[in-house]
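Hints given; two lone chains; assemble the complex.
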Amino acid sequence: MGIEQTVAAASGGGVTSAAADVSFDQAIFTSVRNPMGEGYRIIAASAGLTPHEKQVITRTSPSHDALCDPSADATGVACYPLPAGAGAPGMGASSFAQRRAGDGSRPALDSPPPSGRICIAYTCRAGAEHTGRGLRIYTYNLIVDQDGFAQFGYNPFCILRAAQAADLTRPQLKPKQILEPVTLTPACDTARYGKDPLCSRYGKDHLCSTRSRYGKDPLCSSGHQTATDACQWMRHVLQGLLRRRKFVVRTEGDAIDSAEVLWMGLPGPVRFAASVSAGIRFSMARCRDLNIIAGDKDVTPSRAQTVCAPTAPTASDQAVEELDASRWAGQGAGEDHSLVGQRSSLPSGRAGWIDLVTSHWQQGTIAALADRTSKPFTDITPAGLDRIARLYLASDEASSADIPRLFALASESLEPQPSRLCHIKGAEADVADQLLSVVADRLLARLKTAPIDVVERHWTSITDLWKGAEREADFSQPLVEACLRRVGNIDPPAAARLALDVSCGVRDSIDAAAHESLITTVLGRFADWCEKASWESLPDLQNVCEIWQRRRPDCEFITRAAARCHTFHSRVGCATPARFNLKNHAG
Amino acid sequence: MAHTTMTMPSTMPCLICQTENKPESVVCSKCYAPMALIHEAVIQEREPCITSIIGDSNVGKTVYLGTLLDMLTKRAGNFEAVPKGAYSVNLQHTVVSYLSARKFPPKTPTEVDQWHWAYYQIAKRKNTRLYDLVMPDMAGEALAAEVAAPKTYTVIHNLLERSAGAMLLVDAAVASAGSPQPDFFALKLMSYLDGIFATKPQQRISTPVAIVLCKADYCPESFDDPRRFAHTNLNRVWNLCETRFQNYEFFAASVVGALGYGQDEEGNVVPYPLHISPRGILEPFEWVLSKL
Numbered sequence: 001m002g003i004e005q006t007v008a009a010a011s012g013g014g015v016t017s018a019a020a021d022v023s024f025d026q027a028i029f030t031s032v033r034n035p036m037g038e039g040y041r042i043i044a045a046s047a048g049l050t051p052h053e054k055q056v057i058t059r060t061s062p063s064h065d066a067l068c069d070p071s072a073d074a075t076g077v078a079c080y081p082l083p084a085g086a087g088a089p090g091m092g093a094s095s096f097a098q099r100r101a102g103d104g105s106r107p108a109l110d111s112p113p114p115s116g117r118i119c120i121a122y123t124c125r126a127g128a129e130h131t132g133r134g135l136r137i138y139t140y141n142l143i144v145d146q147d148g149f150a151q152f153g154y155n156p157f158c159i160l161r162a163a164q165a166a167d168l169t170r171p172q173l174k175p176k177q178i179l180e181p182v183t184l185t186p187a188c189d190t191a192r193y194g195k196d197p198l199c200s201r202y203g204k205d206h207l208c209s210t211r212s213r214y215g216k217d218p219l220c221s222s223g224h225q226t227a228t229d230a231c232q233w234m235r236h237v238l239q240g241l242l243r244r245r246k247f248v249v250r251t252e253g254d255a256i257d258s259a260e261v262l263w264m265g266l267p268g269p270v271r272f273a274a275s276v277s278a279g280i281r282f283s284m285a286r287c288r289d290l291n292i293i294a295g296d297k298d299v300t301p302s303r304a305q306t307v308c309a310p311t312a313p314t315a316s317d318q319a320v321e322e323l324d325a326s327r328w329a330g331q332g333a334g335e336d337h338s339l340v341g342q343r344s345s346l347p348s349g350r351a352g353w354i355d356l357v358t359s360h361w362q363q364g365t366i367a368a369l370a371d372r373t374s375k376p377f378t379d380i381t382p383a384g385l386d387r388i389a390r391l392y393l394a395s396d397e398a399s400s401a402d403i404p405r406l407f408a409l410a411s412e413s414l415e416p417q418p419s420r421l422c423h424i425k426g427a428e429a430d431v432a433d434q435l436l437s438v439v440a441d442r443l444l445a446r447l448k449t450a451p452i453d454v455v456e457r458h459w460t461s462i463t464d465l466w467k468g469a470e471r472e473a474d475f476s477q478p479l480v481e482a483c484l485r486r487v488g489n490i491d492p493p494a495a496a497r498l499a500l501d502v503s504c505g506v507r508d509s510i511d512a513a514a515h516e517s518l519i520t521t522v523l524g525r526f527a528d529w530c531e532k533a534s535w536e537s538l539p540d541l542q543n544v545c546e547i548w549q550r551r552r553p554d555c556e557f558i559t560r561a562a563a564r565c566h567t568f569h570s571r572v573g574c575a576t577p578a579r580f581n582l583k584n585h586a587g
Numbered sequence: 001m002a003h004t005t006m007t008m009p010s011t012m013p014c015l016i017c018q019t020e021n022k023p024e025s026v027v028c029s030k031c032y033a034p035m036a037l038i039h040e041a042v043i044q045e046r047e048p049c050i051t052s053i054i055g056d057s058n059v060g061k062t063v064y065l066g067t068l069l070d071m072l073t074k075r076a077g078n079f080e081a082v083p084k085g086a087y088s089v090n091l092q093h094t095v096v097s098y099l100s101a102r103k104f105p106p107k108t109p110t111e112v113d114q115w116h117w118a119y120y121q122i123a124k125r126k127n128t129r130l131y132d133l134v135m136p137d138m139a140g141e142a143l144a145a146e147v148a149a150p151k152t153y154t155v156i157h158n159l160l161e162r163s164a165g166a167m168l169l170v171d172a173a174v175a176s177a178g179s180p181q182p183d184f185f186a187l188k189l190m191s192y193l194d195g196i197f198a199t200k201p202q203q204r205i206s207t208p209v210a211i212v213l214c215k216a217d218y219c220p221e222s223f224d225d226p227r228r229f230a231h232t233n234l235n236r237v238w239n240l241c242e243t244r245f246q247n248y249e250f251f252a253a254s255v256v257g258a259l260g261y262g263q264d265e266e267g268n269v270v271p272y273p274l275h276i277s278p279r280g281i282l283e284p285f286e287w288v289l290s291k292l
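Chains L and U, in that order, are what the protein sequence lines are. The first sequence begins at 1 in our numbering and counts up by one. The second sequence begins at 1 in our numbering and counts up by one.
Treat the hints loosely; a few may be bogus.
Stated by the list, open to error - The following label-pair restraints were derived from C-beta to C-beta distances:
no., chain 1, residue 1, chain 2, residue 2, range
1, L, P181, U, P220, 45 to 53 Å
2, U, T11, L, D441, 58 to 66 Å
3, L, D167, U, E47, 54 to 62 Å
4, L, P181, U, Q246, 47 to 55 Å
5, L, Q172, U, V89, 37 to 45 Å
6, U, K103, L, E180, 39 to 47 Å
7, U, H231, L, V182, 45 to 53 Å
8, U, T11, L, R33, 41 to 49 Å
9, L, N34, U, E266, 18 to 26 Å
Derived from the structure by calculation, the hints contain no laboratory data. Think of the CB as a built atom: it goes at the ideal place given N, C-alpha and C, for glycine as much as any other residue.
Okay, chain U solo, but in the shape it has when bound (with noise of 0.2 Å):
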């Protein structure tokens, strides 16, 4: 009778940094990210794909990619996407009972270890290729603060370096009332992804690169025509994305329908979501996806 003996290797390399890690850490020694990461990719047998969900604090990435994941678990658009490991519904789990309670989901936090990532396996139905996608929920902060200075947060540099493609939510709402911040700021990452992307200098960079404009409920413009809407409102990123970047895409999304005002007890005004009504959530992914 032949017997098999699974040894486990004594140390264990982090998915994100590379790190090497004792197999048995819940998070790296160095990067904060989750060690489960780098299980489930063993288990699997396959590298995963990184890809990156980025943009400013209080953009909305937290509920962009809690609702994405929880329409893909729920098979929109013909997608089939099974969660690795139960830490991976953690998000969509959290920002759907906000959404439920017409509440907006807490602020993530800038700490690394309170960050949801969620690992999926994900294929359109009836497709055979399989995709182990890796989404992590950065703090914008913590974004904010790398593009800054460079390396303030390992974990991020890393893990754009290590994206297969990412998606950049840009505040449409703002950007349209004609504030210059999420253009300057979008500006900065596709700068910072620029540096992070290159290969030879004058080559323009390959990576998908979806350029989210959130919250467009609040400019209906955009969902017309996304293209035109960045070009007026966005022309630094726009610009930029024309000269570096070879494959990038404008698209608009909203995820609550309407919002309404009130007060806390101390007479703070916050912002309720009063119905939730996504669209042009599973484009941007959808596109990433086909350019991988």
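Chain L extracted, bound-state conformation (with noise of 0.2 Å):
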């Protein structure tokens, strides 16, 4: 399987919303004969490729027998960065590698990505070499800049499937030697396409209960292994990836389709930065950050084998670290090896992100996951993915917990704290909105259906929030909203009471006519049910009449219910009820 498969969907995890077509420069490498020679080389290329990008691009394209599937439909793929402008030869993926931090633990993600575009390559067989010397090598290059890339979610197989979408993979052994830039478009209309391609693609149900239609399963590389075990290898893998280590990985499954799934666990920006390959053999001309192969028993790196890094300073070892994932039973000595839900020898942050990912790729949610890890954060620091993966796992939460839970969840989310939020920008700030939006929505449909009594016990705490600053104003205006014409609709009097407590004091933010409007119609209810009620149902009112005629003497509302009330009074004389507390309505 490769990516022929998943032309159908051409869209992918990700993917941002607000898609605007994307121009890519194209190149193509491979091995032909023509009047200027013969041979592995760029045989046809955009305009604006630079002589830098056509040297990496030359450099570490596949060719000769590089693909791990001997079958002449065998698919591989890359991505990998390419160096700035003026780059010195050997700034590709490897010696971006190589400039990474000097010791190996150093965290992985706070260096700034490289400024220069990157490179998506899709290789295939195209026929016989003129040689006849085996199948010809063919690679389509992709380059785009980061805004481009970004526009696909990162996501540099969405982009394989959009270039195939648009049949610009096939292969063209005479090809014009200037190619055109080609325009491709993000696709992310779930509509069309039914549902969530990767949804479909990795479901849950995928990934190890049944049988995939690809005859494998994408993180199950062998019929044994379950789902858990697929996801501790994938855990150890993307541990490793955030520290900077580099994998050669092989799978017995579909190398592709693994490397997807592993890729969608990176942060959205460090994707632009990391090369990645799948189903290409390993070189260490052109070793990438995470190199999937599948099927190849002779071609990778002893477990000990490593290169080091060229200058003395900052000299480390890059280790290539060999796993097999079908035969993963958590080797790798110290490494951590939990899943979620126990504790990380990582630092937070990292443990954090990597228990997020590995909750979804155990619900086999991959779509999301994509979705999530995809947006153009800006903090990618081990504080910052523990900030982003916090939020997530919040928004997670919030969907089963309780009303207590989620104004917890309301208030830490809302709480001021300055030395975060100055953080808190961009991709990440949407994040929070949308946790605040989930909580909000699971608060309103929580109270919505809950009893009057279950309200009444909560109002403070949506009260306080309501008389906070602006932004928890906002947030608990709609609670506010919401429970008064509740309780109004049940209990015109209890609504009467809590009507009380949001009856001054709006905040600018607000719509005051709205809120008043509420008041008011809370008020036109209880002074319609005063008039209607039995008199055994008044004595509790008094009270509260009379402090809403001190709020609002010319309340026609009030002083119905209130007359209604006094003339309870008058005739029975009882006392005042110790039900509701003056003192707290005092003002």
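This is the structure we're talking about:
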């Protein structure tokens, strides 16, 4: 299986919603004989490619016999950063890796990504070599800048699916020497594809409990492996990738599918600076951060093989860890193999992020994972990732949390924390807003169906927020409205009592007219109720009426309700009820 | 009792590009040349002599070099050759195995770390002078890319810069058929060598370069007089050599005695070497050695 089977799903998770056309430069690297020479080289390219970019593509593109699968319809993919304009030779993916942190444990993601572009390569076979020595390897390259890459959710696989849908990857052995740039549109219309394509491809059921339509499951690379086993080796690899380690992963499943599922575990901006290949034989000369190979028994480096960084002061071993996914049983002593819920040995930032990703892998919600990780986060330090992961995990928790927990989550999210807020911007702020929105929705849903006494019990929490800062007031206003409407429909006197808390001090950001209308409605119902109520029901309400009268002496509804209560008291002369504490509303 | 402690340096320079690498590194972090080369050089305590085999893609570099090494280890021409490290034997092993099975060896990949490197200690018998020769089997495509855009493959640039001699392989069969391609590619390579070897602008290059007319069995006249053949069919290279190079010579060579053509299971035409008949393999090498 390769990209071919996914053409129909020309979109993927993580594509930004405001998708615009993205322009790509192209390059074709293959072996043909023409008047200018023969052998593997760039036979056609867009004029926009710089000499340095061509050098890197030439140096790292797969050549003879480089595909793992020996069959004629084998495919491979790669994605790697290209150097900025004046980059020195050797500034490709591998040397980017070399520029990384000196010690293997340094936080991986705090260095800025390279300022160049990124190359997304699709490799296949294209007939027999003209020399008669084996089959020709053909690589189609798309080159795009960071903005364009972000438009596609930092998902190279998504770009390749779009290219394939546009029939760009079909081998051309006699192309024009200068290729025009191509335009691709990130499609994220889930309605068009019925459901999220990644969901349908990598849904939970698909992972292990059923045999997939691809013969083997992307995560479960061997028949006996469970989803948990698969998650364990993927978790191990993700931990390593976040620590800037390199991996050669041998899988018996589909290399490209496995690579995509794993790659979606990395934060989007990191994917712009990191490199991946799948289905292509390992070579030190194009050692990617993640190399996934399949069905290839003799081409990986030994476990101990290392390459060293070039200069002494920052010299470090760039160990390439070889991992056999089908035989993974927690190799790598000292590594954290715990899954979500168990304590991770990693620093909190990575642990939070990895727990988040692992939970998605376990649930098979890869599309949701891609959507979450593919945003243009600006702070991708471990601390930043920890914050983002906590927001997402809180969002997940909100869907099943009870009302007190939801209020706790709301307070936590709304609490002003200067040190934290200074980092929250851009996509992360959107995630925070999304969390608040989820919490608000869940609270609304719960309170709308909760018994009156439950609403009354939590009313203080709501009004505390309502009286707080503007953001808190904005958050609580829909709750106020929902609660007052719900209580007003069932118990108008209770609603009138509750409304006292929100009858004055309306924040500027709240629609005062709408709020006043709501209060008026509550009071109108209260007045109507008083007129129809039996005498036995009225004794408790005199104090409420008195408070409202002090606040709104001219309100017709209060006057009506107060008159009814007054009549009752003058006839019966009953004492002030203790049910409602006047002190709370004296002002 | 005296004790001697062998201390390993914390870093070792790559033999080709001089980049400092950790001693346990398998390949150089910059140019991907095998670090075993420098380990052998340290053991020998002699500066190795690099001889580069260059030429276009599909010209026959792998077959030529593999056959040459095999002949040397079989003491052809009264040579004695000792491979320094088992990796040095891989190339001749591959070539001989494939040719024995009546197949051509696979194309050399463009990935540098996939190239075969040979480190041999070579001497004429009864001759005291030993040569530590390092000969990589480079991919023609990589050479073409480096010539077209210098420093695409820094390893090639560094390798040629450190080469004591070079053998340029040209497809004589194609050239004799009237194609200008071999002449042009050889011209580019010689021009590239000129740029690398030149010490002073007006001074001719003294580094020996043997121009080997490969697949000469297709054009037997090249064996009779390689110079005349080159003058006629590779005139551009001939002229550049005359102008810029002091030590150059033309040789004709062939490995395969006869070719047969067949089809693979998909109908592709595949050439099969029917029998091996090395001719003119040692001469260019011997000439280069004599000029070192």
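Query raised in the report: Okay, which hints does this one fail, numbers in order?
Result: none
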